[in-house]
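Can you make the complete structure from the sequences, with help from the hints?
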Amino acid sequence: MKPVTRIAPSPTGFLHVGTAHTALYNWLFTRKHGGKFILRIEDTDIKRSDSAMSDVIIESLKWLGLKWDDGPYFQSDKFPIYKKYADLLLEKGKGYFCYCTPEELEERKKEAISQKKTRKYDRKCLDLSDFEKEKLKDRPKAIRFFIPDGKVSFEDGLHNKVERDSQDIEDFVILKSDGTPSYNLACVVDDYELGITNVIRGEDHLVNTFKQILLYKAFGWKPPEFVHHPMILGTDRSKLSKRHGAVSVLDYKKQGILSEALVNFLALLGWSPGNDREIMLRDELIELFSLDRLSLTASVFDIKKLEWMNGEYIKKLGDEELLDRVLNLPEPRTPNPEPREYMLKIVNILKPRMQKLTDFVKFSDYFFEDPTQYESEGVDKYFKIPEVSQRLSLVKDRFSELKEFNVEAIESAVRKLASELGIKAALLIHPIRLALTGKTGGPSLFHIVEILGKEAVIRRLKKALLFLKT
RNA sequence: GCCCUCAUCGUCUAGGGGUUAGGACACCACUCUUUCAAGGUGGGGACAUGGGUUCAAUUCCCAUUGGGGGCACCA
Numbered sequence: 001m002k003p004v005t006r007i008a009p010s011p012t013g014f015l016h017v018g019t020a021h022t023a024l025y026n027w028l029f030t031r032k033h034g035g036k037f038i039l040r041i042e043d044t045d046i047k048r049s050d051s052a053m054s055d056v057i058i059e060s061l062k063w064l065g066l067k068w069d070d071g072p073y074f075q076s077d078k079f080p081i082y083k084k085y086a087d088l089l090l091e092k093g094k095g096y097f098c099y100c101t102p103e104e105l106e107e108r109k110k111e112a113i114s115q116k117k118t119r120k121y122d123r124k125c126l127d128l129s130d131f132e133k134e135k136l137k138d139r140p141k142a143i144r145f146f147i148p149d150g151k152v153s154f155e156d157g158l159h160n161k162v163e164r165d166s167q168d169i170e171d172f173v174i175l176k177s178d179g180t181p182s183y184n185l186a187c188v189v190d191d192y193e194l195g196i197t198n199v200i201r202g203e204d205h206l207v208n209t210f211k212q213i214l215l216y217k218a219f220g221w222k223p224p225e226f227v228h229h230p231m232i233l234g235t236d237r238s239k240l241s242k243r244h245g246a247v248s249v250l251d252y253k254k255q256g257i258l259s260e261a262l263v264n265f266l267a268l269l270g271w272s273p274g275n276d277r278e279i280m281l282r283d284e285l286i287e288l289f290s291l292d293r294l295s296l297t298a299s300v301f302d303i304k305k306l307e308w309m310n311g312e313y314i315k316k317l318g319d320e321e322l323l324d325r326v327l328n329l330p331e332p333r334t335p336n337p338e339p340r341e342y343m344l345k346i347v348n349i350l351k352p353r354m355q356k357l358t359d360f361v362k363f364s365d366y367f368f369e370d371p372t373q374y375e376s377e378g379v380d381k382y383f384k385i386p387e388v389s390q391r392l393s394l395v396k397d398r399f400s401e402l403k404e405f406n407v408e409a410i411e412s413a414v415r416k417l418a419s420e421l422g423i424k425a426a427l428l429i430h431p432i433r434l435a436l437t438g439k440t441g442g443p444s445l446f447h448i449v450e451i452l453g454k455e456a457v458i459r460r461l462k463k464a465l466l467f468l469k470t
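In this text, residue positions in the first sequence follow the numbering used here: the first is 1, and each later residue adds one.
You may find that some hints are simply not true.
Distance condition first, Cα-Cα at most 35 angstroms in a straight line; then the derived DSBU-like pairs of lysine-lysine [claimed, not checked]:
| hint | residue 1 | residue 2 |
| --- | --- | --- |
| 1 | Lys141 | Lys109 |
| 2 | Lys351 | Lys384 |
| 3 | Lys36 | Lys315 |
| 4 | Lys151 | Lys2 |
| 5 | Lys117 | Lys217 |
| 6 | Lys141 | Lys120 |
| 7 | Lys161 | Lys176 |
| 8 | Lys62 | Lys345 |
| 9 | Lys141 | Lys176 |
The set of hints was computed from the structure by calculation and includes no laboratory data.
As structure tokens, then:
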């Protein structure tokens, strides 16, 4: 049987990398086995859900290249159906009305905690007399699920058999007093109705699964197979959250991370192919993926490794492709003067030192405007040599005389001048770089000179000579 | 507090009853080089602790400790 899986984000925020991680495993598993991957938006909490967030989540998933085969389904479209199922449990005597107000519940919970007693629901409304019910009939009422005695267990694909005493589970709400379903009910009903065969989700849901198993039993449905994968942690080993930095998938896009690098990196956070392979393209991931190779331990999100991997992916890109991606960056935008040839040359020499797309903007400023200042470290090191003015002046003259202004001609002119002066070429190269770029580091100087062109180079050398006089 | 769960370098991980415990990121050094990167070479760095089982345990079992998650009319 072909597997049917799903990713079920709730639109209360952006697409979190943790959700993307789960989506990726579902997607890989489904692609590998030729099944169906469904997108379901869990927007039952009307107050907290935002349709703009649904759009962002959809956009993020698309950017990652995790295409779904069916959906998106919206749970908010199905409120009557969940209510029908909740009523069914009520009829079967597996659920009961609860008239307790949130305030009452809160108060009793506090009391339970202060008395160090178990803090689960006290079943106050389970055995109300008709008289009491009559008294409460105008109050809004929720439906709770009655937890039967005994043990609840299921086979998790990673953890094997997990078991829990049902005494430790409270009679949870399945239908809120406003008539909307709670998470566990909606989830079970939808997984059943959509024919989900494999639920692959984060370990934070492991405890929910016991409740869901009980619901499947109450309905008489066969539960899907479950796999609870470990979670992604921040550097302090707590649940990854905003205070650790970017957690939204789109944040990484903005930073100039490539989706294929993020996918590769996320795949390796809690999974490995069993050998030393690390850089794996989408198709290779699909081919190598298997659920039983998932790790059992939570993993720390190491941004440094992501950036390294991103650099590897950038190096694989052709100049044209890389340039297009750089130009598509929303912020910060790079200048994009004509002709395209000019931009391609810059991309070509900057590529090996880029780790993020945004690095292009950071590293390329001097290709678009004359430097307005010189790095002070460089000034101390290269501009304070007494002979520097004379040398740069000679360089300027030699460059002006060049008929062919290409890397070979430029390099030989500089080296020739150096040997005539009886100095090392570096003593010319460093001050030239500083004069042309304002920086002490960067790509091959001769390439920079060629790309900038004779006119700009001469102009900048003159400016530097002026600066040296003052 | 109760419940679930996990435990190999700083981080991601491979491995598994007998290994010099492998790789990657990061770090350091050297090298290449006009510089910065990239590349190349090398280096430091790990089986949480205590009990079993066994000829042998990092690997299997138990406990402890530590970490993570959950305990909502959130999902």
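Cross-check of the supplied hints:
no., hint, result
1, Lys141 x Lys109, "19 angstroms, holds"
2, Lys351 x Lys384, "32 angstroms, holds"
3, Lys36 x Lys315, "34 angstroms, holds"
4, Lys151 x Lys2, "31 angstroms, holds"
5, Lys117 x Lys217, "29 angstroms, holds"
6, Lys141 x Lys120, "18 angstroms, holds"
7, Lys161 x Lys176, "32 angstroms, holds"
8, Lys62 x Lys345, "31 angstroms, holds"
9, Lys141 x Lys176, "7 angstroms, holds"
Comparing the model with each numbered hint stated earlier shows that all of them hold.
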